[in-house]
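Novice: The letter at position 60 of the sequence shown is residue 60 when you use full-length UniProt numbering, and the numbering goes up by one with no holes.
FYI, nobody ran anything at the bench for these hints, they're computed from the structure.
Keep in mind the model is a prediction, meaning the values are calculated, not measured.
For each residue, glycine too, the CB sits at the ideal point set by N, CA and C.
Please note that the accuracy of each hint is not assured.
[Said to hold, decoys possible] Computed spacing ranges between beta-carbons, pair by pair:
hint: 1; residue 1: Lys46; residue 2: Gly5; range: 34 to 44 Å
hint: 2; residue 1: Leu4; residue 2: Lys46; range: 41 to 51 Å
hint: 3; residue 1: Gln45; residue 2: Gly5; range: 43 to 53 Å
hint: 4; residue 1: Lys2; residue 2: Gln45; range: 28 to 38 Å
hint: 5; residue 1: Val54; residue 2: Met9; range: 18 to 28 Å
hint: 6; residue 1: Leu4; residue 2: Gln45; range: 43 to 53 Å
hint: 7; residue 1: Ser18; residue 2: Glu49; range: 18 to 28 Å
hint: 8; residue 1: Lys46; residue 2: Ala17; range: 17 to 27 Å
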Amino acid sequence: MKALGWWLMLVGSLRLASVWFGFFDIWALRLAVFSSTSKGIGLAQKVSELKKDVEIRILTNVRKVNTWSIM
Numbered sequence: 001m002k003a004l005g006w007w008l009m010l011v012g013s014l015r016l017a018s019v020w021f022g023f024f025d026i027w028a029l030r031l032a033v034f035s036s037t038s039k040g041i042g043l044a045q046k047v048s049e050l051k052k053d054v055e056i057r058i059l060t061n062v063r064k065v066n067t068w069s070i071m
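Given these sequences and hints, build the entire structure.
Specialist: Structure (C-alpha cells):
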C-alpha cells in the first residue's frame, strides 16, 4: 500500500509540473523580451526552435507517464 501511495504522489507531481510549466512559460517570456533587438532576431528564432523541441519531448514523456499510470 505504501508503494501505491508513493506512485500516486509521483504521478500527481509530474502532472502538476506539466500544468505549472504550461501556464508559466519562461521561454515565451524570453522570446518576447529579446525579439525586438537586432541581435535578438536570430536569438528569438533559436529560442523558438528550442522551445518547440522541448515541448515535443515533454509531451512524449507525459504520454509515457500517463500510459504507465493507466496500467
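Novice: Each hint should be assessed against the structure and marked as holding or not.
Specialist: Status of the hints after comparison with the structure:
1. Lys46 x Gly5: 34 to 44 Å: At roughly 43 Å between Cβ atoms, Gly5 and Lys46 fall inside 34 to 44 Å, so the hint holds.
2. Leu4 x Lys46: 41 to 51 Å: holds (43 Å)
3. Gln45 x Gly5: 43 to 53 Å: Given about 45 Å between the Cβ atoms, the range holds.
4. Lys2 x Gln45: 28 to 38 Å: violated (49 Å)
5. Val54 x Met9: 18 to 28 Å: This hint holds: roughly 25 Å between Cβ atoms.
6. Leu4 x Gln45: 43 to 53 Å: holds (46 Å)
7. Ser18 x Glu49: 18 to 28 Å: Given about 21 Å between the Cβ atoms, the range holds.
8. Lys46 x Ala17: 17 to 27 Å: holds (25 Å)
Of the numbered hints given earlier, the model fails hint 4 alone.
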